[in-house]
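Trainee: Here's the letter readout for the chains.
Number of protein chains: 2
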Amino acid sequence: MKISTAESVVMGALWTREPLSAEDITAQVAEGQGWSEATVKTLINRLLNKGAIGAERDGRRYLYRPLLARDAWLEAESQGLLDRLFDGRLAPLVSHFSEKGALTAEDIAELKKLIEGFEP
Amino acid sequence: MKISTAESVVMGALWTREPLSAEDITAQVAEGQGWSEATVKTLINRLLNKGAIGAERDGRRYLYRPLLARDAWLEAESQGLLDRLFDGRLAPLVSHFSEKGALTAEDIAELKKLIEGFEP
DNA sequence: CTCCATCGTTTACCGGTGTAATCGATAGGC
DNA sequence: GCCTATCGATTACACCGGTAAACGATGGAG
Numbered sequence: 000m001k002i003s004t005a006e007s008v009v010m011g012a013l014w015t016r017e018p019l020s021a022e023d024i025t026a027q028v029a030e031g032q033g034w035s036e037a038t039v040k041t042l043i044n045r046l047l048n049k050g051a052i053g054a055e056r057d058g059r060r061y062l063y064r065p066l067l068a069r070d071a072w073l074e075a076e077s078q079g080l081l082d083r084l085f086d087g088r089l090a091p092l093v094s095h096f097s098e099k100g101a102l103t104a105e106d107i108a109e110l111k112k113l114i115e116g117f118e119p
Numbered sequence: 000m001k002i003s004t005a006e007s008v009v010m011g012a013l014w015t016r017e018p019l020s021a022e023d024i025t026a027q028v029a030e031g032q033g034w035s036e037a038t039v040k041t042l043i044n045r046l047l048n049k050g051a052i053g054a055e056r057d058g059r060r061y062l063y064r065p066l067l068a069r070d071a072w073l074e075a076e077s078q079g080l081l082d083r084l085f086d087g088r089l090a091p092l093v094s095h096f097s098e099k100g101a102l103t104a105e106d107i108a109e110l111k112k113l114i115e116g117f118e119p
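For the record, the sequence lines run as chains B and V. Numbered by numbering that gives the first Met the number 0, the letters in the first sequence go through residues 0 to 119 in order. Numbered by numbering that gives the first Met the number 0, the letters in the second sequence go through residues 0 to 119 in order.
The hints are simulated quantities; they were obtained by calculation from the structure and are not laboratory data. Idealized CB from N, CA, C, for every residue including glycine. Do not rely on the hints blindly, as some may be mistaken.
[Said to hold, decoys possible] A few chain V residues that face chain B, going by a derived Cβ cut-off under 8 Å, partial list only:
no.: 1; residue: L73
no.: 2; residue: D106
no.: 3; residue: K111
no.: 4; residue: L113
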C-alpha cells in the first residue's frame, strides 16, 4: 500500500480528524497546498482505489476515513529510508545529524531523556 | 539536484570507488539489482545530465566520478524525510522507533554512547 | 584499408504522479 | 414536477522514473 506524497497530505487531514467529507478535506488542505478542489477530489479517488481510505455515505455525499493507519505509514516510510541510506540502523542516522551540527541543544536534551527512558 | 533511487544505486558504486568506467559500474551494480547493461548506461547518462557525476575520457571510454557528495545527498534525503514526517525534528523519529520496539539493545547502547559524546 | 566489436547516445515505452477539467447523476429549491 | 447546484466519477495530459533496445561513431584486429 504505497501512497504518494500528495496523497499523504490528504491522509494527513484524515489522520487529525475523522471522518471528513470531500469538502472538509479540501478546506483543510487546498489552501496550504495551492491545490484546486478538483485536485483534492482526484487524490481522494486514488486513495479510495488504493484502499487507503474508506467511504460511508452520508446523504448526498460521502464521509471518508483512513484505513491505512498513520503509524503504519510512518513506520514504512522511516524504515524505508533507514534501509536505503543507513543500512537499516538508526544510530548512523543520528550520528550523521550530529556530525552535521544539525542538532540543537534542545534536540540533544530530548534525545538524552528518550534514551535514558527506554533501556530497562 | 534530485536523484532517483535507481540513480542513487549507481552513485553508491562511485562513492565507494572512484573513478569507474561504465563497465566497472555495471559489474558492481547490475547483478545485485537485476539490471541489464543498457539500464546502467541510461542511469549513467541521466546522472551526467543532472550534473551529479562527471566524466573524463580514458582512451576509448570514459571514467566517471561523483560530483554530488555522498554526504550532501544523505543530508538532503534525511532532512527531507524528517521534514515531511516528523516536522523536521529528530527526536520524534527516534521516539517512533523506540515505541515500535524496533531498537535492539545494541542500538540503544550505541545511541547512548553517541549522545553522551556530543554535548560538551 | 576494411570490418567488427564496443562505447556512448538517442529513442522507446509504460506506469505512477501532480494537476486539473469535464461529465453524469441527483437532491433540494421553487 | 422541473431546473440547477453540487457530488462523485471519468478523462486528460505532461513529466518523471524504471527498464531497455536501437543506433551511430570509432579504435583495434587482421
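Trainee: Hints numbered earlier in the text: which of these fail when held up against the supplied structure?
Mentor: Per hint list: zero violations.
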